[in-house]
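Let's have the full structure, built from the sequences with the hints guiding it.
Following the UniProt record's numbering, the numbering of the sequence shown begins with 1 at its first residue and continues without gaps.
Be aware that one or more of the hints could be misleading.
[Unchecked claim] Straight-line distance between alpha carbons at most 27 Å, and here's what the computed DSS-like set of lysine-lysine pairs gives: (1) Lys-198 / Lys-244; (2) Lys-244 / Lys-230; (3) Lys-45 / Lys-80; (4) Lys-203 / Lys-230; (5) Lys-188 / Lys-203.
[What the hints assert, rightly or not] Label pairs and their computed distance ranges (CB to CB): (6) Asp-25 / Asn-245: 28 to 34 Å; (7) Glu-172 / Arg-30: 39 to 45 Å; (8) Arg-30 / His-190: 30 to 36 Å; (9) Asp-81 / Asn-245: 39 to 45 Å; (10) Glu-86 / Thr-233: 29 to 35 Å; (11) Thr-151 / Lys-188: 18 to 24 Å; (12) Leu-246 / Arg-94: 44 to 50 Å; (13) Asp-124 / Glu-201: 36 to 42 Å; (14) Arg-202 / Arg-65: 51 to 57 Å; (15) Lys-70 / Gln-157: 42 to 48 Å; (16) Met-1 / Thr-224: 44 to 50 Å; (17) Thr-180 / Pro-235: 27 to 33 Å; (18) Arg-94 / Arg-202: 46 to 52 Å; (19) Tyr-169 / Ser-64: 26 to 32 Å.
Honestly, the hints are just simulated from the structure, not real lab data. Note that beta-carbon positions come from the ideal geometry of N, C-alpha and C, so glycine has one too.
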Amino acid sequence: MKGNGADRSVPGTLYGIGVGPGDPDLLTVRAARILSVVPTLAVPKSVSDGSSLALEAVRETLESRTTPPKTIELVFPMTKDPAILETARSENARVLSEALLQGDVAFISLGDIFFYSTFGNLLDGLRRQIPEISVRIVPGITSFSVASALTGLPLVQGSESLAVVPATYGAETLEQILDTHDSVVLMKIHRVYPAILKILERKGLCDRTIYLAEIGTPRQEIVTDIRTLKDRTLPYMSLLLVRKNLRAVRA
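This is the structure we're talking about:
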């Protein structure tokens, strides 16, 4: 592991680490091993004064260290404005580039590092600034894998098909996906849940759908009667697991 005393003309290695859905017990051995020695930790946040769920997931590992890592915070605004996103990506890439000249850096992200993570876009910007950058990817356990385990329902079996998509797709696209796949995981449902519920009701799939939120945290919630959620404000970290070919999940 390259530390602060290394040759600054040669950038350190960037480790992209998926830390799982939030439960410290679901952090992989490889991730824990790197986090126990890496000199610098990059922590993504949506706002500068907010908390980081990814950091909470690795806190136990960090607290076991004799010397804590240097921590840099990278802000990724929750917006679809391309200009704002590009500005944030460029600035975060600049900050990471400077840190890599001091030694190795680990960037942590909930779930898997390459699954709906900000890391992929950030990496594009970094490679423009440091073409010779060395990157090592450490995969993490996804929320929908844990959702399957928590519900006791296999995601797919035999020749069944699976789709994992953001629920923010248009209604026509979502209906087509539901029609053509045996299992569907709908991510990012919190802002569009009423519309999603109407689609599932129309297709008779409510009793084959389970809602899971904030998986792997003390606030974890599992609901089998998704109709009861109609008037609630749902958290960002929530999903729906639709299993068309199994018996109804609610009698």
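| task | State the violated hints by number, sorted upward, taking the hints as numbered earlier in the document. | result | 19
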